[in-house]
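Assemble chain B onto chain A, guided by the hints.
Residue strings, one per chain:
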Amino acid sequence: MLEFCLHVLIMSAIFGIAAVSLNLQAGTSGLLNFGQIALFGIGAYAVAILTRAGLPWPAALPAGMAAAALGGFAIGRLGRDLAAEYWALATLAVAELVRLVALNEDWLTGGPQGIGGIGGLFPGLDGMARALATLALAALLLLGTALVARRLGETQFGRVLRLMRENPDLATALGHDIVTCKVKVLAIGGAMAGLAGGLYTLYLAFIGPDQLLPFETFLIWTMVVLGGLGNVAGAVVGALLVTTLYAGIPFLKDVVALPSDLTGSLRVFAIGSIVLAVLMLKPQGLVPERLRRHHAQRP
Amino acid sequence: MIQILIDTLIRTSDLALIALGLNLSYGVSRFPNVAHVEMAPLGAAVALAVAALFPGGGLVGAAIAGALAAGLAAMLLHRFAFERLAGVGPASALIGSLAIAMMLRAGLQAVFGTRPQQFDTPLTPPHDLWGAILSDLQIAAIAITAVCLVGFFAMLRLTPLGRSIRAIAANPALATASGIDARRVTLVTVFLGGTLAGIGGILLALVTQLDIGMGQMLLLPVFAAAIVGGLGSLPGAVIGAFAIALAETLVMRIDFGLLAADGPRYLPLGYLTGIGFALIVMTLVYRPEGLLSRGGRRA
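Protein sequence lines, in the order shown, are assigned to chains A and B.
Using our numbering, read the first sequence as starting at 171 and increasing by one per residue.
Using our numbering, read the second sequence as starting at 6 and increasing by one per residue.
With the rest of the complex left out, here is chain A (with noise of 0.2 Å):
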């Protein structure tokens, strides 16, 4: 049991990470990146690839981080002049080709079989202690993460990514280079992203192509949804609620009885149902952004 609640939190806080990001490109910036799982990914095969070949993981979670903050760079580049649905639909596009060159690519990924038997995380300690460390490294990456991402908020960039969100066309004509901003806010959401993907590859040991499904940008998108898109905190709470729920929905049939396959669906169900009574009944979030006064004022 307390194996398991550290696994959840371990997962909560790498996930968490990736929420951060997404709400940094999503809730400060106005971008609906609905391929976070791409740079995820990126970061995570990265990882994976680069301690196979004998790299040590403090050295290989870096370059993970470059690698997908490279991905976001490529993405922002891609659709600079498009709207924002469209761009959101573009993103999708381009989380789907991710995943089948990872798919495809045997020589590179492992094809559908992705590529297991990583070192992994302090492979000193074992056990309890290794759970330990493990959740002491995700939770501080994840506090560095979240003082990165609310510092960022509120310098003179932050203002401009709310700028843009809420009117790019003003943004614009203060003579802000939306392109650039768009392109640069990818990029660190991008690290982000790849930051979780490595973390996540070195946890589990095992990445696939099965863990690049669009489902999985969804939950990235719920946990920022629920939590208040706009808010740091907010994404970290959403994470911590998120991952607890979809870990836990499994014990429902230790409960009621339910066929396994049953909770599969019934998992997929709860999850879309908490966006959608979110969205329709408190769109704000639990932990809704806060404008400082002065930017809260209108005339």
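None of these hints come from the bench; they were simulated from the model.
Certain hints may be false.
As the list claims (entries may be wrong) - With beta-carbon atoms standing in for the labels, derived distance ranges: (1) A:309 <-> B:182: 53 to 63 Å; (2) A:320 <-> B:188: 38 to 48 Å; (3) A:223 <-> B:255: 18 to 28 Å; (4) B:177 <-> A:343: 25 to 35 Å.
Computed from a predicted model, the values in this text were never measured in an experiment.
Glycine included, C-beta positions come from ideal geometry on N, C-alpha and C.
The following block gives chain B in isolation, referenced to the frame of chain A:
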């Protein structure tokens, strides 16, 4: 050569009705509804259930019931979810439609099971048409698609309802000012869109089999067709479907080895589904307004 044309037509008939329904709904509701493609498996599943419950009713009756059920579902979803979500913003509507798509798929899987099922159709020997192989069912599917398309466009051009639909798609404010009940016509339009998708799903299930996960497989090709043709453009949806079908057929049949002159070399089959995604990305980058539409590019 003939086989390429026939294959393209078969694939076009898979995609055209569903893409047409998508663009029809987009024209009046103004957000890309990801849940729309789920109307295809829904219609097919209901048709199959009706055919099983009333064996005497015949296939046509079951198909009509399935198509109407899909239309009704689309209309109810619009009335009780999307109307409200679209009020919050197009981003919320997009995320909400993704949530509903997931829930519909999970619900269908829970009710109808995950195993593919088939309609009980008589086995007939395939025809040989100038060297191309074609079955009775495939001929029927192409013919029914063509009849539906002709009937739909005739309705759109010739009837008062069609005129109202075009008015609302072109300018909702002006249409309302002219005395058109925009809300009612929108609901009817969404019903028609769902029915078209339902027919498409039933035909697909008739020719191949009913796979409850078909919505996921159709999502990107159908959106590719809609986007290539121009989101919201009705003739564009049909032309887009043909373009996607042609691209998929050609890319699979072109021998890339001829270019490099080192023996036959085809694109790996695993990338077939990637063609739609690649076309989405290319269209969005080079001509975001699609072949036959305006808009899509951020001003």
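Verification of the supplied hints:
Judged by the Cβ atoms, the range 53 to 63 Å given for residue 309 (chain A) and residue 182 (chain B) holds: they are separated by roughly 58 Å. Between residue 320 (chain A) and residue 188 (chain B) the C-beta distance comes to about 43 Å, which sits within the given range of 38 to 48 Å. In this structure the supplied range 18 to 28 Å is violated for residue 223 (chain A) paired with residue 255 (chain B), their Cβ-Cβ distance being about 38 Å. For residue 177 (chain B) and residue 343 (chain A), the Cβ-Cβ distance of about 28 Å falls inside the hinted range of 25 to 35 Å, so the restraint holds.
Of the numbered hints stated above, the single one contradicted by the structure is hint 3.
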